[in-house]
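K.L.:
Now for the letters of each chain:
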Amino acid sequence: MPTEMAAAPLLSNVQFTNAMLLAISPQLIVAFGIVLSLLLIAWKRSRRMLQGLTSAIFIVALIASVPLLFNNEIPVTILLKVDGYGVFAFMLVCFSGLMVTLLSGQLLQRNTEAHDEYYLLLQLVILGGGVLVVSDHFASLFLGFELLSLALVGMVGFFREGKHAVETAFKYLILSATASSFMLLGIAFIYSQTGSLHFSLINTGVNGADQLGAELTNTFHALGMLLFFAGMAFKLSLVPFHFWTPDVYQGAPTPVTMLMATVSKVAMFTVLMKCLFSQGVFVQSHMMQLMALVAILSMVFGNVLALKQENLKRLLGYSSIAHMGYLLIVLLITSMQDINFAWQSALFYLSAYVLASLSIFMVLIFTTQEALLPGQSQQQAEDDTTIGSWQGLFWRKPMMAFLAILAVLSLAGIPLSMGFIAKFYLLTFASQAGLWWLIAALVVGSGIGLFYYLRIIFSLFAAPFSEQKAEQKVQQQAVSSDGTGQVQASGNWPWKGVLVTGFVFAGLVFGLYPDVLMQVISRLGELTEPLAVLDQTP
Amino acid sequence: MILTIVMLGFLLLGAFAWYMEGISSRAPRWIALFAVIFAAGLFASFVLGSGTSFAELKPLVRVPWIPLFNIEYALAIDHLSIILLSLTFMLALICVLVSWQEIKEKAGFYYFNLLATFAGIIGVFTAVDLFLFFFFWEVMLLPMTAIIAIWGHENRHFAAIKFFIFTQVSSLLMLVAIILMAAAHYQQTGQLSFYYSDWLALDLPLEYARWLMLGFFIAFAVKLPSVPVHSWLPDAHTQAPTAGSVLLAGVLLKTGAYGLIRFVIFLFPEASQGFAPLAALLGVVSILYGAKMAFAQQDFKRLVAYSSISHMGFVMLALFSFNTTAYQGAVLTLVAHGLSSGALFSLAGIIYSRIHSRNLADMGGFWSSAPRMGGFTLAFAAAAFGLPGLANFIGEFMSLVGAYQVFPVAAVFAALGLIGSAVYGIVLFQSTFHGPPGDKVEDLSGRELVISGSLLGLLLLFGLFPNMILEYSSAAGEQLALLSQGVSNLTGVTYAH
Chain S
215 MPTEMAAAPL LSNVQFTNAM LLAISPQLIV AFGIVLSLLL IAWKRSRRML
265 QGLTSAIFIV ALIASVPLLF NNEIPVTILL KVDGYGVFAF MLVCFSGLMV
315 TLLSGQLLQR NTEAHDEYYL LLQLVILGGG VLVVSDHFAS LFLGFELLSL
365 ALVGMVGFFR EGKHAVETAF KYLILSATAS SFMLLGIAFI YSQTGSLHFS
415 LINTGVNGAD QLGAELTNTF HALGMLLFFA GMAFKLSLVP FHFWTPDVYQ
465 GAPTPVTMLM ATVSKVAMFT VLMKCLFSQG VFVQSHMMQL MALVAILSMV
515 FGNVLALKQE NLKRLLGYSS IAHMGYLLIV LLITSMQDIN FAWQSALFYL
565 SAYVLASLSI FMVLIFTTQE ALLPGQSQQQ AEDDTTIGSW QGLFWRKPMM
615 AFLAILAVLS LAGIPLSMGF IAKFYLLTFA SQAGLWWLIA ALVVGSGIGL
665 FYYLRIIFSL FAAPFSEQKA EQKVQQQAVS SDGTGQVQAS GNWPWKGVLV
715 TGFVFAGLVF GLYPDVLMQV ISRLGELTEP LAVLDQTP
Chain P
1475 MILTIVMLGF LLLGAFAWYM EGISSRAPRW IALFAVIFAA GLFASFVLGS
1525 GTSFAELKPL VRVPWIPLFN IEYALAIDHL SIILLSLTFM LALICVLVSW
1575 QEIKEKAGFY YFNLLATFAG IIGVFTAVDL FLFFFFWEVM LLPMTAIIAI
1625 WGHENRHFAA IKFFIFTQVS SLLMLVAIIL MAAAHYQQTG QLSFYYSDWL
1675 ALDLPLEYAR WLMLGFFIAF AVKLPSVPVH SWLPDAHTQA PTAGSVLLAG
1725 VLLKTGAYGL IRFVIFLFPE ASQGFAPLAA LLGVVSILYG AKMAFAQQDF
1775 KRLVAYSSIS HMGFVMLALF SFNTTAYQGA VLTLVAHGLS SGALFSLAGI
1825 IYSRIHSRNL ADMGGFWSSA PRMGGFTLAF AAAAFGLPGL ANFIGEFMSL
1875 VGAYQVFPVA AVFAALGLIG SAVYGIVLFQ STFHGPPGDK VEDLSGRELV
1925 ISGSLLGLLL LFGLFPNMIL EYSSAAGEQL ALLSQGVSNL TGVTYAH
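In order, the protein sequences belong to chains S and P.
Just so we're aligned: 398 in the working numbering is position 184 of the first sequence, and the numbers increase by one with no gaps anywhere.
Just so we're aligned: 1709 in the working numbering is position 235 of the second sequence, and the numbers increase by one with no gaps anywhere.
In case anyone wonders, no lab produced these hints; they're calculated from the structure.
Every residue gets a Cβ at the ideal spot worked out from N, C-alpha and C, and that includes glycine.
It cannot be assumed that every hint is accurate.
Unchecked claim - If you want a taste of the chain S side facing chain P, the calculated C-beta under 8 Å gives, among others: (1) P629; (2) L630; (3) S645; (4) G648; (5) I653; (6) V657; (7) L664; (8) F672; (9) F675; (10) D729; (11) Q733; (12) S736.
Please take these sequences and the hints and turn them into a complete structure.
P.N.:
Below is the structure:
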């Protein structure tokens, strides 16, 4: 019976209007860009030109998204629904993609092969992310999910001569395939109960939220939700589905790790939020308790496991587990009123997280470029970067070290940085929803987290012997430089300073005067009352 | 407005000092000295010249900062903040002077951090928007941690991490309390507010207020520090460079006491009175434990650090006695301890610069070669154990007199702490200056004489004329007594006034 009803809107919505086209224009631009890139490759195989084209596509897509930010919700067929939140998330995705593009040049330069596919895959990842953040239907969700994952697998194992390339790519492929199959099964269970693949159940014959709660308490639907959540949790690397994270973070080329840390997380989280909110999962108390448990476990385990890490990329992998745990708090809404504030919190947190991750990976890429020993590939140097290798950076490259400090402070959630405001959002949300256990876990987790964040900062400040080491390295390079030294010198990218300064500036502005961003985010939702969440008693 | 300029000036001049390091290695310290004197002058001329009374909290600035949450940039001062700000400026001067010769590496960045810490402390003492207060509370922490971690002694990283984590975790609890308080305001008035005066008008259910009070109390008790959460202090004080120790003991601990007065006691009078017996107990335990531990130390700075715990115990005990005398004693103790512990840490730095050791076993017999240093050490040690005529005596005496009316047993035990302080004070002096003449050490230089002389002079001044401070703290003290009178039957303890 429900299937017939689900079919009705499908038929009535097949027509494409101009408004719809406009609404998904950023995604279309990226898709069109991919075709254009293919044509460019056919015409001339130039790494530099393709990099330029890719950046241009992302910039155009970003610009095209701006006017959509404050539009009303526009359903585009039944598959997609473009709203302000989705557009903002897409802008985050696109911006991360742009940064990854800019930072990948150096990496690809070191290899003699032509690597056109790299940028194609990158664009596919962004397209996948773009589809995910606006999807309103399990089919489009799965489409975006697979597009993003498969392209990422290709990128993770892109440099097959790397030490960990095969292992990493395989691990990621298998686990992400497992996640997909879990998710598919979950979707099937959900479908079997609701008769619709649409996120929102209101249109599909179940009328009103009251009934919705009553109807969906059966085991199959709950099981479906659970499986679906598990699939997403794989991608968000939440405990207990986090095992792949450190290995893949470490083994993937650094720009790809950066992509995974930003694009994948933002897109997955946005779609998870959309789906859970539309499905009204908050009426199912078991599911909520389970998510709370996952959140607490992620916060605690992520931080504890990061404690003893020396390798920076690994450490960031573990810290991302903790951060996704923190962010999970906003899913635990108690009523429809909270949704708007939950979105604001989540988007601000994601922005802060993306900015911090981009910054820290950027510093990682730039510093390893400079401290490279001859005969060592950049990839390997980055894989092996430990906290110690940043020692004394502050005295050599103050601006870059300052960016790293700002990023680490932001991750740790300490004032002066955006991360603090983001944490403030989360705490406000949690204290209103009365999530005391989660607050306790957040406090404990942040406390543990300080240990390793501070270790990074202290290492940046630690002084003397690293200077000698750096000099030694320079000398070594000078001795054996005749051939290779030249190549490295030419790799010095002129915009590096601009980029670093820009990120420092952005971090400080958003940290000290967060209102700029808050106003934008609070206007995204159609409701103008930003703090409706505070109306209910804790 | 003037305080905003002072804070900005500290930051900008700090940045300037950092920049000037590349041009002249002596420039940073002169810039820092100039900045402190200039700022102190500005502040003094503002307070003396404004012609208004600061008995009540007087708002200075109030502009929106984050309108979405109704967070404002709001500063205000009253007598309490003026007293503590003056202490801050005085010790800031001492900090710059004690660093004069000690800091040779990366001096520019050092003075930047030092000035940034001052700016943060000024913010803490003046912010009346609680979100802003929290912001400053953390901002003063960052450069302080950097000072310990970069210019500290052998075990500095450990000490800095411990210091940072203790304060950070406890202040997260405070942040939660702040958010809940703002939310309570929202529920009662329909508007979110972090403004102190708005909060004073709130009427919270006692059960709820207790939890919020606890959130604030823990954060401030860590900073004060009180016994179960004190363990960061000996490490941080010992490992910090001299100026860091002076600043930590002299001013940063006072931010804890300031928070207790302004936010715990005045925002939650009922809840804190209910909590008072426990707080008094913590105070007494701190006094005795601190004194005992100080006696057992072999490290000059560690000894002084433990003595700080002991002295701050008096403050805790006095504040939670809720009466005028005790409150005035607490405020005077804050000032006196700031000066005397600052002086003792400066002397530790002076001795360290000569023999490169903080170990008491390496000292002894300095009197013959450095009598002036010895004289000052004796005087400051005497101040620490409460010799009449010096400010500490008045402060602790009044604290005990006030506390005795409420917690007689606690006050009796607390008085034992005075004996303890005499013991460790004498041990400190004896093992440094008595004994067979040891290595020759240079006596105090002109700069060091200025440091010690000015601190001793102030201690004497406040010791002989305590009214200079007491007349300013009496108004708040009476207010406190009134507050306690209103609710004294709630707790079953009769509060004298």
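K.L.:
Would the stated hint for F672(S) survive a check requiring a Cβ distance to chain P of less than 8 Å?
P.N.:
Because about 5 Å separates F672(S) from the closest Cβ in chain P, which is inside the 8 Å limit, the hint holds.
K.L.:
Can the hint on D729(S) be confirmed by a CB-to-CB distance to chain P that is less than 8 Å?
P.N.:
Given a least distance of 5 Å, the restraint on D729(S) holds.
K.L.:
Given G648(S) as an interface hint, is the shortest Cβ-Cβ distance to chain P below 8 Å?
P.N.:
violated (10 Å)
K.L.:
Tell me if the interface restraint on L664(S) is satisfied: Cβ within less than 8 Å of some Cβ in chain P.
P.N.:
Interface hint status for L664(S): holds (5 Å vs cutoff 8 Å).
K.L.:
How about S645(S): closest beta carbon in chain P under 8 Å, or not?
P.N.:
Holds - the Cβ of S645(S) comes within 8 Å of chain P, reaching about 5 Å at its closest.
K.L.:
Do the numbers back the hint for Q733(S), that is, is its least Cβ distance to chain P under 8 Å?
P.N.:
holds (7 Å)
K.L.:
So, I653(S) near chain P? Judge it on the closest CB pair being under 8 Å.
P.N.:
Since the shortest Cβ distance to chain P is 6 Å, the answer is holds.
K.L.:
Regarding the hint that V657(S) lies at the interface with chain P, is the smallest CB-CB distance below 8 Å?
P.N.:
holds (5 Å)
K.L.:
Is the interface hint satisfied for F675(S)? The criterion is a beta-carbon contact with chain P at less than 8 Å.
P.N.:
Check passed: Cβ of F675(S) comes within 5 Å of chain P, closer than 8 Å.
K.L.:
Return the status of the interface hint for S736(S): holds when the least beta-carbon distance to chain P is below 8 Å, violated otherwise.
P.N.:
It holds, given that the least Cβ distance between S736(S) and chain P is near 6 Å, below 8 Å.
K.L.:
Given a cut of 8 Å on the nearest C-beta pair, is the interface hint for P629(S) held or broken against chain P?
P.N.:
Since the shortest Cβ distance to chain P is 4 Å, the answer is holds.
K.L.:
Next item in the hint list is L630(S). Is there a CB on chain P closer than 8 Å to its CB?
P.N.:
holds (6 Å)
In the structure shown, a violation is registered for the earlier hint numbered 4 alone.
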